[in-house]
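Engineer: Chains as they are written, first to last, in this note's numbering: chain A, 459 to 795; chain B, 459 to 795.
Wrong hints could be hidden among the right ones.
Since the list gives no way to pick out one identical chain from another, each pair is judged satisfied if it fits inside one copy or across any two copies.
[Stated by the list, open to error] Keeping only pairs whose Cα atoms sit at most 20 Å apart, straight-line, the calculated EDC-like set for lysine to aspartate or glutamate is:
1. K710 - E684
2. K611 - E651
3. K596 - E715
4. K477 - D766
5. K707 - E684
6. K710 - E676
7. K502 - E512
8. K661 - E530
9. K598 - E715
10. K768 - E666
11. K634 - E782
12. K487 - E497
13. K714 - D679
14. K654 - E530
Derived from the structure by calculation, the hints contain no laboratory data.
2 protein chains.
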Amino acid sequence: MKIIFDAMGGDNGPDANIKAAVNVINKIKSEIILVGKEEIIRSKVKEFYGKDLEQISVRLKIKNATETIEMEDQPTVAIKHKKDSSMVVGFNMLKQDEGDVFISAGNSGALLAGATLLVGRIKGIDRPALAGILPSYKSKFLLMDCGANTNCKPINLLQFAQMSTIYLKNTFGIEKPKVGLLNIGTEETKGNELVKESYQLLKDKGEELGINFVGNVEGRDAFSGEIDAIVTDGFTGNVFLKTTEGVGKFVKRTLKESLLKNIISKLAAVPSLPAINNFSKKMDYKVYGGGLFLGVKKPVVKAHGSSDAKLFEYTIIQAEKFVENKAVDKMIEAFDK
Amino acid sequence: MKIIFDAMGGDNGPDANIKAAVNVINKIKSEIILVGKEEIIRSKVKEFYGKDLEQISVRLKIKNATETIEMEDQPTVAIKHKKDSSMVVGFNMLKQDEGDVFISAGNSGALLAGATLLVGRIKGIDRPALAGILPSYKSKFLLMDCGANTNCKPINLLQFAQMSTIYLKNTFGIEKPKVGLLNIGTEETKGNELVKESYQLLKDKGEELGINFVGNVEGRDAFSGEIDAIVTDGFTGNVFLKTTEGVGKFVKRTLKESLLKNIISKLAAVPSLPAINNFSKKMDYKVYGGGLFLGVKKPVVKAHGSSDAKLFEYTIIQAEKFVENKAVDKMIEAFDK
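Just chain A, with the same shape it has in the complex:
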C-alpha cells in the first residue's frame, strides 16, 4: 500500500510532516510518498537526521512539487491554477493509482475542490463532506460535515446522513447507527430554515434510505454516547469542532492551575497530572485523527491544520486502516444499489 502525503500542508509543515513520516514508517506497512519541494524536504531531512531519506527507510519516497496552496487561496482557483502544488500533484497521483490514499493538512476548501474536481464524486452524491470521529462517553460519534461545505441545502444533509450510516455500518459494524441532526432544541419546530427543512426531509425520506433518524441533538447531549452520527452543515460543524477544541484546551489549562493552587490539591496534583495529560492527549488524538472526505471516489484524509509530528503520525496510522477497511469501495457499492 502507498500513502501519498502532502509534505507542505499545515501550520507546522514541512517540519512536522517530515518528522511524522520518519517516526511512523516502522509502525506501518505502507510506503509513504512525501509530496512537496524536493530540495527543501531533502535539506530538512539532512538537518534533522544527518542522512538522506532513502537511508532512513526504503519505504520513504519523495515526489517533487514546486508550488504550495496557501490558506488565503481561493479553493477552486488554486486547484485550477497551481498545477504543480503539493496538493494538486498529490490528487493527480491518487487519481492515476500511484497511491492508495492522499493525506493533507492544507486548506480544507481546496481539498474539497481537489477531491471533487480531480478525483471525482461517487455517483449519487451531490456534495462530498468531511467526516470526523469524536469521543463520547464510553464510545465515539461521527460528525459530518466537519467543515467542507459552508453553505448547504437540506438534500446535502440527507446525503450526509446516508453516508454516515453506510460508513459506520461497514467500518465499525454498527447495525443501525443512530443519526441525529445538530440543532438548538429537541423540538421539531426549533432551528434555522436549513435545519427545519432538513428535519422534515430526514423524517420523510430517512427510513426508505436506511437511515435511523432519531431527531434533533443539542451540543450538550452530543457527547453522551447515545448518538452514533450527528449531521450538520459544514459551517456549524466546524464551529462545533473548534469549540470542542477550545473548551478542551481551556479546561485543561484552568484545571491544572486550580489543582496547583493550594497545598493539599498541589500534593494531590503531582500524581494526578499524568492522568490529566493522558486524558487530554487521548481526546486530542481521537478528535483529530484526521477527517475523511466521504463521497469521493478514492480515499482522501484531511489532517488537522495545526497537527504536530505526533498527531500526523496518528493520522497516517488511521489513514492506513481506512484504506484496509475498503471504506470507499463499500460506499460506492452502497450507492450503486
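Starting from the known structure of chain A, fit chain B onto it as the hints suggest.
Structural biologist: Chain B in isolation, oriented as in the chain A frame:
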C-alpha cells in the same frame, strides 16, 4: 427594587424556582414577585417549608397567572394568545413599572417575542439578542447572540457588535472592547454568506460606530482571554453555547473516571475531587448566570432552561446587579446619540 420572577418556567419549575426565591431572599435587597399559578406555589411552599410565603419573608410576593407557555409553543402565537401565562403577565408587570427586571427560564423564542412585542425595542435596534457572559482564561467574554434570533442578517450582527461594545464599556469599564466575529477560519474569505457579508460590514462601518473589530475568531481561540465579545447569529451562538456545556460535562465525567482508574491516581484523586468539583461549578455558574436581552427597553434576563435552585439563585443575584448598573438606560442613551 422589585424582581419579577417567572415561577413556572424551566425544566425544574416551579420547585427549583420557589426554592431559589426562598434561599436567595436574604442575600439580596430586592423584593421577589413569583409569577405563576398561585395555588400551586402556595401549596409547594407549605410542603417545602411548613409555612406561608409571607411568613418566610415580607419581600416574597406572588402574582397569580393561570397559564404556562410550553417549550413546544410557537413563540409569537403563545405571547399573543396565552394572555394569562406567567410569561405574559410578567412582561406586562415590567412594562407597567410593577417591577424592575423580569427573569424567566422559559421558551427562549417566546421570551424574545414577549420582550419585543410587550416591552419594546430600543430605538435604532432591529433585533434584540441574548448576551451571555462566558469564562475565558483569566478573564471572561460576552457571546451575542446566544440563541434568540435563529435567522440573522449582517445588519443584525453589526448591531450585536455595537450593543456588546456599549454594554462591556458601561458595565465592566472596558474602554475599547475587542469584538470578534465567530467564524471557521481567521481569513477574510472564510465562512458562510452571512459571515462573509457581516465581516465586510463590520470592517466598513465598525470604526464610525465605535466598534473595535478585531476580525474573525475561531471557537478554539474563543477562550484564550484575548477577545472581549464574540458576535454571531443566534443559531450558531446557541450551538457554541451548548457544545461548551456538552464538552464541560463530558470532560468532568471522563476525567473523574480516569483519575479513579488506578491506585496511584485514585489516592491522588480523593483530595483532587473537590478542586475539580469547585472548578466545574464555577464554570457552570459563570456561563449560565443568565443571559441578558440586550436591545430591549427594560431589563429582561433569560435563566438557563435546566437551572436548578442554586443556579436560579445565582441568576437572581446577577439580575439585581444588572439593574443596579443601569445597563439598559445606558444602552438607550448611547443609541439616542
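Engineer: Now tell me if each hint is right for this structure.
Structural biologist: Consistency of the hints with the structure:
1. K710 - E684: between (25 Å within a copy, 18 Å between copies)
2. K611 - E651: both (10 Å within a copy, 13 Å between copies)
3. K596 - E715: Between copies only: 11 Å across chains, 27 Å inside a chain, cut-off 20 Å.
4. K477 - D766: within (9 Å within a copy, 51 Å between copies)
5. K707 - E684: Classified as between: cross-chain Cα gap 15 Å, same-chain 24 Å, threshold 20 Å.
6. K710 - E676: between (23 Å within a copy, 18 Å between copies)
7. K502 - E512: Answer is within: at 13 Å inside a copy they meet the 20 Å cutoff, but 79 Å across does not.
8. K661 - E530: Between. Shortest inter-copy distance 18 Å satisfies the 20 Å Cα cut-off; intra-copy 39 Å does not.
9. K598 - E715: For K598 and E715, the Cα distance is within 20 Å only across copies (17 Å; inside one copy 29 Å).
10. K768 - E666: neither (43 Å within a copy, 47 Å between copies)
11. K634 - E782: Neither: 23 Å inside a copy, 55 Å across copies.
12. K487 - E497: Classified as neither; 26 Å inside a copy, 73 Å across copies.
13. K714 - D679: Cα proximity of K714 and D679: across copies only (19 Å, versus 26 Å in one copy).
14. K654 - E530: between (33 Å within a copy, 14 Å between copies)
Against the hints set out earlier in the document, violations occur for numbers 10, 11 and 12.
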